[in-house]
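Asker: Each chain is listed here by its residues.
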Amino acid sequence: MDKKRYTISANIPIAPQVYRMELTAEAAPQLRAGQFVEVAVPGQFLRRPLSVSLSEPGRLTLRYKVVGGGTAALAAMQPGTELELLTGLGNGFDIDACPGRALLLGGGIGVAPLHQLCRDLRAAGRPVTALLGFNTASEIILCDELRALGADVHVATADGSAGIRGFVTDALQQVTPKFDYYYVCGPMPMMRALYPLLPDCGEYSLEERMGCGTGLCFGCTIPTTDGPRRICHDGPVFKKNLLPW
Amino acid sequence: MDKKRYTISANIPIAPQVYRMELTAEAAPQLRAGQFVEVAVPGQFLRRPLSVSLSEPGRLTLRYKVVGGGTAALAAMQPGTELELLTGLGNGFDIDACPGRALLLGGGIGVAPLHQLCRDLRAAGRPVTALLGFNTASEIILCDELRALGADVHVATADGSAGIRGFVTDALQQVTPKFDYYYVCGPMPMMRALYPLLPDCGEYSLEERMGCGTGLCFGCTIPTTDGPRRICHDGPVFKKNLLPW
Amino acid sequence: MVSDTSVTLGGIRLKNPVIPASGTFGFGFEMAACYDLNRLGAIALKGTTLEPRFGNPTPRIAECTGGLLNAVGLQNPGIDALVSDIAPKVRALCDTPLIANISGFAVDEYGICCEKADACAEIDIIEVNISCPNVHQGGMTFGTDPAAAAAVTRRARKATSKPLFIKLTPNVSDIVPIAKACEDEGADGLTLINTLPGMRIDIRRRKPVLANRTGGFSGPALFPIAVRFVNQAATACRIPIIGCGGVSTAEEVIEMMMAGATAVQVGSANLRDPLACPTIIDALPAVMKQLNIDKLEDIIGII
Amino acid sequence: MVSDTSVTLGGIRLKNPVIPASGTFGFGFEMAACYDLNRLGAIALKGTTLEPRFGNPTPRIAECTGGLLNAVGLQNPGIDALVSDIAPKVRALCDTPLIANISGFAVDEYGICCEKADACAEIDIIEVNISCPNVHQGGMTFGTDPAAAAAVTRRARKATSKPLFIKLTPNVSDIVPIAKACEDEGADGLTLINTLPGMRIDIRRRKPVLANRTGGFSGPALFPIAVRFVNQAATACRIPIIGCGGVSTAEEVIEMMMAGATAVQVGSANLRDPLACPTIIDALPAVMKQLNIDKLEDIIGII
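Residue numbers (the numbering used here), protein chains in the order written: chain A, 1 to 245; chain B, 1001 to 1245; chain C, 2001 to 2303; chain D, 3001 to 3303.
Here chain A stands alone, though its shape is the one from the complex (with noise of 0.2 Å):
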């Protein structure tokens, strides 16, 4: 855990009520692709947990969308505007985990701790296909970053507007991927619906209202098959033998 000011260089939408902002602080600390920040907003008393979407040296990648109160200031900020986060968070994707081809299942904002894990998989030389599912047409996020790393991307919407109609479960039984290992984020009726479709190699994000995001306040348990677990802490992301659904 660490506790340091950020530098807002970039607030932008990119789809409706989703927001791609772009931080950079000195001496950053670098970041494991799929662990979460905790964003102190003015005026909010607890702070507000955010996936990280991409760290880089010296910079930090959030996609967020507006659900309430915390996050509409959070989209109102200006560039320069300083917050105050707590970083490293939760223990993130397990790279190491994939032998070789990867599969990337995400839904919605889900997909947007997908992007850092797409490039370090591909750093590390492993093939990629990623399955992204969303509403509708103008929701769809990240498809181009994940191409441009060298990804095979297949894209599902609800209402069919863009590429396959259906949802994640129905693009993976369609495209029908090759795959050594897998890694699945979104909202919980998509992992639920996609966890008796897919083998146990593979590991699952989860989100839960959460209190501190440091492990102080066991606000966020969840039983698992090793017994209550705290997705801020012992997650988000966890082995799909350790979810007893």
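To be clear, the hints were calculated from the coordinates, so they are not data collected in a lab. A portion of the hints provided could be inaccurate.
[As the list claims (entries may be wrong)] Pair by pair, the computed Cβ-Cβ distance ranges are: (1) 189(A) / 3145(D): 44 to 52 Å; (2) 3013(D) / 1024(B): 52 to 60 Å; (3) 2054(C) / 9(A): 55 to 63 Å; (4) 1003(B) / 2092(C): 19 to 27 Å.
Every value quoted in this text rests on a predicted model; they were computed, and no experiment measured them. The beta-carbon is built from N, C-alpha and C at its ideal position, and this holds for glycine as well.
Given the structure of chain A, go ahead and fit chains B, C and D onto it with the hints provided.
Answerer: Frame of chain A; chains B, C and D shown alone:
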């Protein structure tokens, strides 16, 4: 009562812990000498009541002392910052009550409203003598402004580092100014000390912890010879005969 | 279609559920100079006692995170001045339903005040306050004991046929027996919550900020506590609830109503922003549309 | 001269009065990776029960103005795991006095847990929590009735010769008889306050935010209420008080002590800023100088 957003055009330290803040707003209402404003300070629930030091077309000057978290936050604000003010609060000084020579007696930050009072009395053709008391030379403010308006200004300092050694009461006894009406604004001990030394033809500007500043909460009520009165709504200026001291 | 913000309280139709809370709006005269009082759902007048009271010495106010402490101590001109002089003057300013807020130090004082308020044509609703934390006898003590709450309600009910609301204190372990006692004695409704006793200390002067040492804590900080109390009382009782405590936005009005409130009092928000009530009222229709609420009454206790 | 921040609690010397509150600091392992736990005055470990508990379903957290609601529901590995496994591990990380926080659903459960904690060499102080609002039996009910509070204290006192503190709930009309009952039964001190029950509603989904419907409200919003309770208990009792409720600055630590607290627990502040405790501790000496306080113990209950 008028609610309006003002922009800080200047916020300058003029004495230890004392600042002059200039605020501008289009069509800012003209405020009476001795009235006060309630400033909304981010992070504080209640607004901060500050006396009007000078009201000019489109511009408002406040002189305030840092006494707590709210005023400390104000002191840290940069030009360009917007503040929401309630203006036109309180009765203000009674300029018309002065038939001839005016005497102003002020102490510490209580001298702030005497700036506009002096200007308005001079504009009405009244000769003005001002007796101002401070703890020490470095805390002296407003002398030059009042002299520039043509007032005969005498200063007293408790430590004798400038002007008459002692309090405003001492200045009053040494200067023995001729006057037909007087106005007092300063800390309660000073006003209590002046009260028995001065005739009925005068008024006192009082201060108390306020809730709303608009007469709603009855948080700043004092007993008067005519029953309970709210300093924020029925004052802050009271004729001597109303004060049961 | 147009959003319907009207609600019915003790048989009286309010054009909207927003009511300035007693003690945060004086008798309405100050705000009448700022906006048309007819825009308000109703007006809860300043708390009144049998005899005139000066209240507590100053300082009466202490700021806190998310609110303030007040120890005004029921400053008021007395019930006779209210019914003979003040109420008619307020009525001359608006047709808005007027709520007389009655406090006392003995059961009979409540009774006599209610009789006088009952005889006052301009008073539409009587709100009996058994929850004032800033007086050193009576006041809140009536609101912390079901039997005492019942006794005050019984006496007040005898005194008036007008809609009778009892304003309760949050300073109890279990609100249900107290709420039920008031209902059983014929109260037409309940108002909750009043303030929570609190204290601040001036660490430089090493003494309490308030001359009264303690005061009643109110403001946005109280909102989740108020929502809980309103929900408990609304679940236990059949009579309507006026929700009060920390409300400062239209969304919070709706949250309070979903918890079980039929109408909502706005208190401390008036002290920070005297235009709080009309601002909330103006915002209601848009928020209702956003939440697919056509008729505000439909969401009362919906959770 | 150097500021003396040390205080004595139940005969144990603390280098400073700042104690992370139970339930906001886990068992200390997470923060041990961030700073040296020896900097803390003491550590109140996560609430523990006789049997392991998963606690409540999620969502367990709801944000509020100036604080949050939590309905964790006493998730814990049970007293045996605490005394045999966890306490030794924490002791290996620091010499800081450790406070075991005990909850139960029957008097005897409290007793058995206290016996086990008493037998655990690493536990220095036992804090008996009769004020948890998030369990559906026992918990808070023991803290709202003087007789029940006395019964739990009596049983706990029998079980241990270690310093025994009883953690009380603010959810009462009068704290004094409850505080005195604990003192009379031999408690070495009191901790107050625990959280106040509250509720938030998701107005879009039209249901409570918390799976448990209600939760305990904590945070800066509670500070003035906590100061009042601490002052009432400190005035009525001779035993030391640990002040808890909304403290997040060194100035608030001092205000709480002036109200009558001998030590101060920092709770929700840890959840917003995990470095809250060391930050407050580092700020104390400068604030003391500003206020002409040489020895922090000199200001306890000074008002």
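Asker: All hints, please: hold or fail.
Answerer: How the hints compare with the structure:
1. 189(A) / 3145(D): 44 to 52 Å: With a Cβ separation near 45 Å, residue 189(A) and residue 3145(D) satisfy 44 to 52 Å, so the hint holds.
2. 3013(D) / 1024(B): 52 to 60 Å: Holds, at about 58 Å.
3. 2054(C) / 9(A): 55 to 63 Å: Holds - the Cβ-Cβ distance for residue 2054(C) and residue 9(A), about 59 Å, lies within 55 to 63 Å.
4. 1003(B) / 2092(C): 19 to 27 Å: holds (26 Å)
Consistency note: the structure conflicts with none of the earlier hints.
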